[in-house]
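**Q** What follows is each chain in one-letter form.
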Amino acid sequence: MSILVILLAVVFLGIASGSIGTFTFLRKRALLGDAIAHAVLPGVALGFMVTGTKMPFFLILGACFTGSLSIYLMNTIVQKSKLKMDTAIAVVLSGFFGIGILLITYIQRNYGSEQTGLDKFFFGKAAAMLYSDFIWLFAICILVIVCIYAFYKEFLLISFDKNYAKSVGLNVRLYEFLLSFLTVLVIVTGIQIVGIILMAALLVTPASSARFWTNKLSNLIILSSVIASISGIAGSLLSYSISKMPTGPWIVIFLSLIAVASILFAPKRGVVARNLKSKRLKKKMFHDNILKTFYHLSEADGSFNTLRTSSELRNRRYFEEPKLSLALRDLMKLDLVHQSENKWGLSNEGWIKAKRIVKVHRLWEMYLTKHLRISSDHVHDDADTIEHFISPELEKELEKLLAYPDEDPHHTKIPYT
Amino acid sequence: MDFLDLNFVWISLSALLIAIPCSLVGVFLVLRKMAMLGDAISHAVLPGIVIAYYFSDSYQSIPMLLGAASVGLLCTYLIETFNKVGRLQEDASIGVTYTWLFALGVVMISFMNDNVDLDQDCVLYGEIAYVPLDTLSIFGALIPRAVVNGSFLTTLIALLLIVGFKGFKLTTFDPVYATAIGISITFWHYLLMGMVSTVTILSFESIGAILVLAFLVIPPAIAYLLTNRLMSMIYLSMVFSLVAVILGYILAYKINSSISGAIASILALEFLVVFIGLQIFKILRRRATKVSYSN
Numbered sequence: 001m002s003i004l005v006i007l008l009a010v011v012f013l014g015i016a017s018g019s020i021g022t023f024t025f026l027r028k029r030a031l032l033g034d035a036i037a038h039a040v041l042p043g044v045a046l047g048f049m050v051t052g053t054k055m056p057f058f059l060i061l062g063a064c065f066t067g068s069l070s071i072y073l074m075n076t077i078v079q080k081s082k083l084k085m086d087t088a089i090a091v092v093l094s095g096f097f098g099i100g101i102l103l104i105t106y107i108q109r110n111y112g113s114e115q116t117g118l119d120k121f122f123f124g125k126a127a128a129m130l131y132s133d134f135i136w137l138f139a140i141c142i143l144v145i146v147c148i149y150a151f152y153k154e155f156l157l158i159s160f161d162k163n164y165a166k167s168v169g170l171n172v173r174l175y176e177f178l179l180s181f182l183t184v185l186v187i188v189t190g191i192q193i194v195g196i197i198l199m200a201a202l203l204v205t206p207a208s209s210a211r212f213w214t215n216k217l218s219n220l221i222i223l224s225s226v227i228a229s230i231s232g233i234a235g236s237l238l239s240y241s242i243s244k245m246p247t248g249p250w251i252v253i254f255l256s257l258i259a260v261a262s263i264l265f266a267p268k269r270g271v272v273a274r275n276l277k278s279k280r281l282k283k284k285m286f287h288d289n290i291l292k293t294f295y296h297l298s299e300a301d302g303s304f305n306t307l308r309t310s311s312e313l314r315n316r317r318y319f320e321e322p323k324l325s326l327a328l329r330d331l332m333k334l335d336l337v338h339q340s341e342n343k344w345g346l347s348n349e350g351w352i353k354a355k356r357i358v359k360v361h362r363l364w365e366m367y368l369t370k371h372l373r374i375s376s377d378h379v380h381d382d383a384d385t386i387e388h389f390i391s392p393e394l395e396k397e398l399e400k401l402l403a404y405p406d407e408d409p410h411h412t413k414i415p416y417t
Numbered sequence: 001m002d003f004l005d006l007n008f009v010w011i012s013l014s015a016l017l018i019a020i021p022c023s024l025v026g027v028f029l030v031l032r033k034m035a036m037l038g039d040a041i042s043h044a045v046l047p048g049i050v051i052a053y054y055f056s057d058s059y060q061s062i063p064m065l066l067g068a069a070s071v072g073l074l075c076t077y078l079i080e081t082f083n084k085v086g087r088l089q090e091d092a093s094i095g096v097t098y099t100w101l102f103a104l105g106v107v108m109i110s111f112m113n114d115n116v117d118l119d120q121d122c123v124l125y126g127e128i129a130y131v132p133l134d135t136l137s138i139f140g141a142l143i144p145r146a147v148v149n150g151s152f153l154t155t156l157i158a159l160l161l162i163v164g165f166k167g168f169k170l171t172t173f174d175p176v177y178a179t180a181i182g183i184s185i186t187f188w189h190y191l192l193m194g195m196v197s198t199v200t201i202l203s204f205e206s207i208g209a210i211l212v213l214a215f216l217v218i219p220p221a222i223a224y225l226l227t228n229r230l231m232s233m234i235y236l237s238m239v240f241s242l243v244a245v246i247l248g249y250i251l252a253y254k255i256n257s258s259i260s261g262a263i264a265s266i267l268a269l270e271f272l273v274v275f276i277g278l279q280i281f282k283i284l285r286r287r288a289t290k291v292s293y294s295n
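Line by line, the protein sequences give chains A and B. Its first residue numbered 1, the first sequence is counted upward by one per residue in this note's numbering. Its first residue numbered 1, the second sequence is counted upward by one per residue in this note's numbering.
Derived by calculation from the structure, the hints in this document are not laboratory data. Everything numeric in this text was worked out from a predicted model, so none of it was measured. Any given hint might turn out to be false.
Short derived list, chain A residues pointing at chain B, Cβ under 7 Å [what the hints assert, rightly or not]:
no., residue
1, Phe25
2, Ala30
3, Leu31
4, Ala90
5, Gly98
6, Leu102
7, Thr105
8, Ser208
9, Val252
10, Val271
Once the Cα atoms are required to be at most 35 Å apart in a straight line, the calculated DSBU-like pairs of lysine-lysine come out as [unchecked claim]:
no., chain 1, residue 1, chain 2, residue 2
11, A, Lys84, B, Lys290
12, A, Lys162, B, Lys33
13, A, Lys80, A, Lys28
Glycine included, C-beta positions come from ideal geometry on N, C-alpha and C.
Isolated chain A (complex conformation) (with noise of 0.2 Å):
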């Protein structure tokens, strides 16, 4: 076979499994999927025991029966008696792979040493795939490929919300059977290329990172295809050029590698992107605080052109010392304080903004008491956590609804601009 074969026969995997392991993912059955490519295994010996022959197509039949064997007992197993999905799923794979194991070196000290190739099921050997093996991996893909494109909306549904899938009377059973059937097929062609321990990775790991990136089911199908067929790429590439490296585990290995930059590096949703949001949100509440609190002390004396000392403004609420001092120079370089020797004073812009805090601030107690009917010394706590996020559209629909109160629930005066 040649190196390009083996490239194509990775890309038809990548796409099947990517895919089909999209939806594994979606229905959260990422370790059902490992307990199957386990399962498989004493379905590829008795094949192979029963009619004598080492021909894929007994062999994959083999598998057929115990993995959907498999799938049928653990569900059994979870409705039948008090054991738990985690330990069903765990007696069903090491049982099954137990019996694969019995099975295999029986046919290997008993049949003569030419049947070892059995175990590639193991580990997988694209290197040794053939022709056979490459027509069935393309017939495979493309079923994959018209079963999702055909059955799109009801995978959806049953992925996202089976009660309502139900409920509009959707014959459920029947395309989960589908799914379960299509995962037990891209499984049983995928062992050969990656093996059977690692297989669970091919089916959960690109819809897992994927994941990071969208939000939209056809996005996430295209995109967890994409990943699985350049890991596939990469790794067949690595084991083709360098001498005795295992071709799955490298492809695992890429796999793994976008997974953790996935969950690392995706915008919005990754850690990162996650991390620099919720400081930048921390600093400008923090920010926010600060000019609530000149607005607050100038309010009790009645002087608006008072410059104050950071002591005063502590005094007024609790800030920690050095965030302060580091704080006020961010917000003088904002142009919203101005200092002079040791003294603080808001801007033009400043006092704007810190009006406009306190405004939303007490409207939103307004809006809590008379129409949530919230008890006046309830709301203080509330406001102050959403004066932060009310957005001017929110801020108008506020003034309007309360019909520009003068003051709040606390007989203080709401500023207006």
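Got chain A; can you put chain B on it based on the hints?
**A** Chain B in isolation, oriented as in the chain A frame:
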């Protein structure tokens, strides 16, 4: 009884010395609904095993073993981090983490193939049939290394369980109460996972990394079908392990196949028999009550 010889004694003894600590740890895995975490760890310790082989070719030193076991803790930590910090759903975190570590282990084996006496088959099957060949001399008697290791493992796990029984029990059955009286859930969780890793590392040479899972999960699962009491569950799962070890050895001997595979197969068969038996029992009892009502 042509299979009854010294080999039978040593092999089944070493299998039993794996099965007992596995059952002890596995009972808590099943009760805590963490069986798949056991699966993940039993795969994920592979890189640790490879490193241990690389640095000490005979793979006996205890510090080395503990180092390898820490990879299991790393796996637990990664799964939790992906789940909580990375917000990846739990089943996917498990799937991503252990396949990655296992793949890393296999790649490491192929890099060091010339320096390390460890191959992929060994990872899968283990070589329990060769147990009697690798002996240590203790007080002048030749005892298989696997039996010595197994005794150490069984003692260690049993001691940890006896000392920490209250902690394990409380954090398993009533984590909220345990937290309220100041018991750290995290500590006992990681201790249990550390025990799972240690059990895997010490038994993989004999039975292979994946079949450890059968020893860990199936006996407690059978016992849990039959009883609700913790102590009965522990005793019952040890009994089922013992029966499987003996029947498995005989089966493997009769059909000339893998011993560890045969033991795991018998365990699966035991589960099937108990499960079906219980279903039949349920149906019969339902029928009996129906009859008594109609009278």
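**Q** Confirm or reject each hint.
**A** These are the hints, each one checked on the structure:
| no. | hint | verdict |
| --- | --- | --- |
| 1 | Phe25 | holds, 6 Å |
| 2 | Ala30 | holds, 4 Å |
| 3 | Leu31 | holds, 5 Å |
| 4 | Ala90 | holds, 4 Å |
| 5 | Gly98 | holds, 2 Å |
| 6 | Leu102 | holds, 4 Å |
| 7 | Thr105 | holds, 4 Å |
| 8 | Ser208 | holds, 5 Å |
| 9 | Val252 | holds, 4 Å |
| 10 | Val271 | holds, 6 Å |
| 11 | Lys84(A) with Lys290(B) | holds, 29 Å |
| 12 | Lys162(A) with Lys33(B) | holds, 24 Å |
| 13 | Lys80(A) with Lys28(A) | holds, 21 Å |
Hint compliance for this structure: every hint is met.
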